[in-house]
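Each chain, letter by letter, is given below.
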Amino acid sequence: MTAGGALALVSVLFRLYLGAVFVVAGYGKILEPFDFALSVATYQILPLSLINLFAILLPWLELFTGVFLIVGFWTKENAFLVSMMMVMFTVALGIALSKGLQINCGCFASGEAAVEISYRTLLRDITWLAMGLFVWKCDDGRFGVDRFLGRHRHA
Amino acid sequence: MKSFLFRSLGIVGFSFAVGITMNATRPTPLAWAADSDYEIYDDCDETTETAEPMSIADVLAHPDYYLLVDAREPDAFAAGSAPGAVNLPYDPLFSVGQEEIDALRSRAGDRSLVIIGDPETAKLLADDLFSQGMTFVNYLEEGDQWTKLVAKETE
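Heads up: the protein sequence lines correspond to chains A and B, in order.
Start counting the first sequence at 1; every next residue gets the next number (our numbering).
Start counting the second sequence at 1; every next residue gets the next number (our numbering).
Since the hints were made in silico from the structure, they are not lab data.
Treat the hints with caution; some may be incorrect.
[Said to hold, decoys possible] As a list, the in silico BS3-like pairs of lysine-lysine whose alpha-carbon atoms are at most 25 Å apart:
id, chain 1, residue 1, chain 2, residue 2
1, B, K2, A, K76
2, A, K99, B, K2
3, A, K137, A, K99
[What the hints assert, rightly or not] Computed list of chain A residues with no C-beta within reach of chain B, every gap over 10 Å:
id, residue
4, A37
5, I70
6, R147
Since we're looking at a predicted model, the values are computed, not measured.
Ideal Cβ placement from N, Cα and C applies to all residues, glycine included.
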């Protein structure tokens, strides 16, 4: 296997994993929008007027980017968006941790099932960010819908 | 690069449009902007100190160190309690009065207090006394273990 082929294979694995993570994350928030809005509020970053709007819109972006990553549709664009979301989550987590807030992550489930934020959560988000950036830079579109759209970039 | 950004924005726009539509179709849609602050509970830096539990084995190891206080009603106390115990019927709705606390202090002398009775009430009484400055107060982990002690003495 060539180096390009190996990178593409790793990229596919990362793509499927990140896609699944975002689908699960988005779906959970879509089911409980109020709980997610409350989770957003606990970070004490967004003004009150933007919290609900954020809680309405973000889960669907997570869901669609997740689905698109899994099927390999516009992979680079979705990997870019996922990476930007991960930057946003990582910054928010970092701010909350630096303030010493003891709050639930709100990353997947809200309410009682949610996990409290920690530096472990931050490390996890940074890892996912790195995976997203890897897919953005290295995916060549050979495994997925992009191939049929003529977006396969030969190594 | 331009088409990359357009496609990325397209994904964002599509997701947001679906999010707005789906929120509008909910039986109880989330308002675009919250009309009142979310109630966020921050953990207090100061911990609330409460009385610690104690096992019957600890009491039996040094019985002279402790004054047992039975938190049950007088009728129940009269029907049987641990040897040497004093009765302080406790109603969780009312704090223990200063006179009763003074009486307990003089009766206990150098001994620590161990509250017995039904487990829940024993803990509440211990916490009440603790919060009023009686720091040498514990409660039995299982407040009704004194019955075993009585049974042993009867045998």
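Please flag the earlier hints that this structure goes against, numbers listed from lowest up. 2, 3 and 4
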